[in-house]
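Peer 1: Here the protein sequences line up with chains B and E, keeping their order. Residue numbers for the first sequence, in the numbering used here: 1 to 114. Residue numbers for the second sequence, in the numbering used here: 1 to 112.
Calculated from the structure, these hints are not laboratory results. Owing to the predicted nature of the structure, the values given are computational and were not obtained by experimental measurement. Hints are not guaranteed to be accurate.
What the hints assert, rightly or not - Subject to a maximum C-alpha distance of 20 Å in a straight line, what follows is the list of computed DMTMM-like cross-link-like pairs (lysine to aspartate or glutamate): (1) B:K37 - E:E99; (2) B:K58 - E:E99; (3) B:K57 - E:D38; (4) B:K42 - E:E30; (5) E:K9 - B:E39; (6) B:K58 - B:D27; (7) B:K37 - E:E72.
One letter stands for each residue in the lines below.
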Amino acid sequence: GENVEQHPSTLSVQEGDSAVIKCTYSDSASNYFPWYKQELGKRPQLIIDIRSNVGEKKDQRIAVTLNKTAKHFSLHITETQPEDSAVYFCAATQLWEYGNKLVFGAGTILRVKS
Amino acid sequence: NAGVTQTPKFQVLKTGQSMTLQCAQDMNHEYMSWYRQDPGMGLRLIHYSVGAGITDQGEVPNGYNVSRSTTEDFPLRLLSAAPSQTSVYFCASSRGSAETQYFGPGTRLLVL
Numbered sequence: 001g002e003n004v005e006q007h008p009s010t011l012s013v014q015e016g017d018s019a020v021i022k023c024t025y026s027d028s029a030s031n032y033f034p035w036y037k038q039e040l041g042k043r044p045q046l047i048i049d050i051r052s053n054v055g056e057k058k059d060q061r062i063a064v065t066l067n068k069t070a071k072h073f074s075l076h077i078t079e080t081q082p083e084d085s086a087v088y089f090c091a092a093t094q095l096w097e098y099g100n101k102l103v104f105g106a107g108t109i110l111r112v113k114s
Numbered sequence: 001n002a003g004v005t006q007t008p009k010f011q012v013l014k015t016g017q018s019m020t021l022q023c024a025q026d027m028n029h030e031y032m033s034w035y036r037q038d039p040g041m042g043l044r045l046i047h048y049s050v051g052a053g054i055t056d057q058g059e060v061p062n063g064y065n066v067s068r069s070t071t072e073d074f075p076l077r078l079l080s081a082a083p084s085q086t087s088v089y090f091c092a093s094s095r096g097s098a099e100t101q102y103f104g105p106g107t108r109l110l111v112l
């Protein structure tokens, strides 16, 4: 089955610096790669996603890149702000009988120091 | 729209007790899922459903049952609670299998 590994497990950056979180996946048939942000005590919420036919996608300070050959994808946050502090999860689809299921990485705790 | 709702918010059980975690969505989504979240382990899929009457197992289904009689509701049943089931449980729904998942607020379960 699909295995998603996420690194680093914790990341501390200074406000204004960039943050990069990387994920690798094992299933070459995976075709959808979302990123979720979870603030303390709250539910995960989608921040950006990318499909297998696209190499990069941007949304303001957030970008995701996908390398299908190497089976890895990354989240890039530029000009980090204190409100970016949260846990970030990557995920990849695994094709099952009734469609796709999402397999999540273990998460990255991002701390932005002001 | 209320989105995805879950009840209860917090529950304490004794080992061996059974209970049902409720999940409902008002977005007419076909796909619904149950995840458990444990420290350092991300979100692990317990069961999911692709529509009324159709359910399937996820990564960690043992000790849990589900059914889907309506599009709106997807309850998760713990048959005989064990301390290993202490966790935060999230329900999620989406329009399709590779679409944005909308999570409920979660249920924090403590099994003594």
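Peer 1: Taken at face value, is the distance from the CA of D27 (chain B) to the CA of K58 (chain B) at most 20 Å?
Peer 2: violated, 24 Å
Peer 1: Please work out if K37 (chain B) and E99 (chain E) have their alpha carbons no farther apart than 20 Å.
Peer 2: holds, 16 Å
Peer 1: Check whether the Cα positions of K37 (chain B) and E72 (chain E) lie no farther apart than 20 Å.
Peer 2: Violated, at about 25 Å.
Peer 1: Does K58 (chain B) pair with E99 (chain E) here, judged by a C-alpha cut-off of 20 Å?
Peer 2: Within the cut-off at roughly 18 Å; holds.
Peer 1: Is the hinted pair K9 (chain E) and E39 (chain B) satisfied, with a Cα-Cα distance of at most 20 Å?
Peer 2: holds, 17 Å
Peer 1: For the pair we were handed, K57 (chain B) and D38 (chain E), check the Cα-Cα distance against 20 Å.
Peer 2: Outside the cut-off at roughly 30 Å; violated.
Peer 1: Does the alpha-carbon distance linking K42 (chain B) and E30 (chain E) stay inside the 20 Å limit?
Peer 2: With Cα atoms ~24 Å apart, K42 (chain B) and E30 (chain E) exceed 20 Å; violated.
Comparing the model with each numbered hint stated earlier shows that hints 3, 4, 6 and 7 do not hold.
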